[in-house]
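Novice: Using the sequences and the hints given, assemble the complete structure.
Going left to right, the sequence shown walks through residues -15 to -1, 1 to 276 as mature numbering (1 follows the signal peptide of the UniProt record, and there is no 0) numbers them.
By construction, these hints were calculated from the structure, which means they are not laboratory data. There's no promise every hint is true.
Said to hold, decoys possible - Calculated cross-link-like contacts (lysine-lysine; reagent style DSS-like; alpha-carbon spacing at most 30 Å):
| hint | residue 1 | residue 2 |
| --- | --- | --- |
| 1 | K36 | K144 |
| 2 | K189 | K111 |
| 3 | K189 | K36 |
| 4 | K212 | K243 |
| 5 | K261 | K107 |
| 6 | K56 | K111 |
| 7 | K189 | K179 |
Please read these numbers as outputs of a predicted model, since none were measured by experiment.
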Amino acid sequence: MKKLIILGFLAGIYAGKSIQPYKNTTRMIVIGDLHGDFDAFMSILNFTNWKSEDLLLITGDTIDRGDDTIKILDFLIENSHKNIIHLLGNHEEMNIRGDWRYVSRGDLQSFRGSSARGQAFKKEGKYGKYLSDKKIIERIGDIVFMHGGISLEIAEEYKTIENINFLYRTSNYDKKILYGSSGPLWYRGYALEKERVICDDVVKTLKILEAEFMVMGHTIFQQITEKCNQKAIFIDTGISKALNSIRSALEVIQVNNKTTRITAIYEDRSEIIFEKIDKEENKIFRSNFDI
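Specialist: Now the structure itself:
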């Protein structure tokens, strides 16, 4: 109990120093694992008709496998003044700590060698510095976003999104958050297990995190997929040409003050996942979100 009180206090102080309110919006585009495919990234922004006033949220793994680390991260850095949230995935974290198992030859060549790439991902380097203040989990209204998922075990132990982000940012304080198979960077349980196994845990985890839905990447599906009555939504379709080349995004849009629609968008079609009608004013989009 004492540990959680201290963590909550410190996380509150830390969060207070890093708040960056972004513009009020009624539309969000959520993109899963890009894995080094800049052309796919630009294509998705085009066919979703993304505009600067929309919120763009990326659930991590922008890099590795494909060749376009520089192009993707430079685009995100150059547009960081816009409504963009870039959450970390396990592959960003791997590159930060020097694990290059999935770096392509073309990507290395784009840096003109491994030495320059290593410097870029150091804490003081261009990309290391950019990634250093990114979160691993975020809640927007009633939806919680992360790369892999978050097990009930981790949710029960750390209690809040603020604690989880704080622990990640404090010198690898708790390695279960970073490297554990049940943490938000690596967890695949909700994606791989059957609904009869996971849905109780999904509901309990969402209650702890004070959310109604969770959106995750990390585990590849052939299309954007939901489980547990839309409580869990999986958006990694293997976008990169290094994988499936299935370009997709999730649109979350406020239709009116009480109705929110969530739609899977592909190059050739769109499919409504569900519409949520609140008895009171819409809670997914609020006047001040923090990124």
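Novice: All hints, please: hold or fail.
Specialist: So, going through the hints one by one against the coordinates:
Simply put, K36 and K144 have alpha-carbon atoms about 35 Å apart, too far for the 30 Å limit, and the pair is violated. Taking the CA atoms of K189 and K111, the gap is near 39 Å; set against the 30 Å cutoff, the hint is violated. About 35 Å separates the Cα atoms of K189 and K36, which puts this hinted pair outside 30 Å; it is violated. For the proposed pair K212 and K243, the alpha carbon gap of about 23 Å is at most 30 Å, so the pair holds.
Distance hint between K261 and K107 is unfulfilled; the C-alpha atoms sit about 43 Å from each other, more than 30 Å. Distance restraint check for K56 and K111: the Cα-Cα separation of roughly 13 Å lies within the 30 Å cut-off, and the hinted pair is therefore satisfied. With a CA separation close to 16 Å, the supplied pair K189 and K179 stays within the 30 Å bound.
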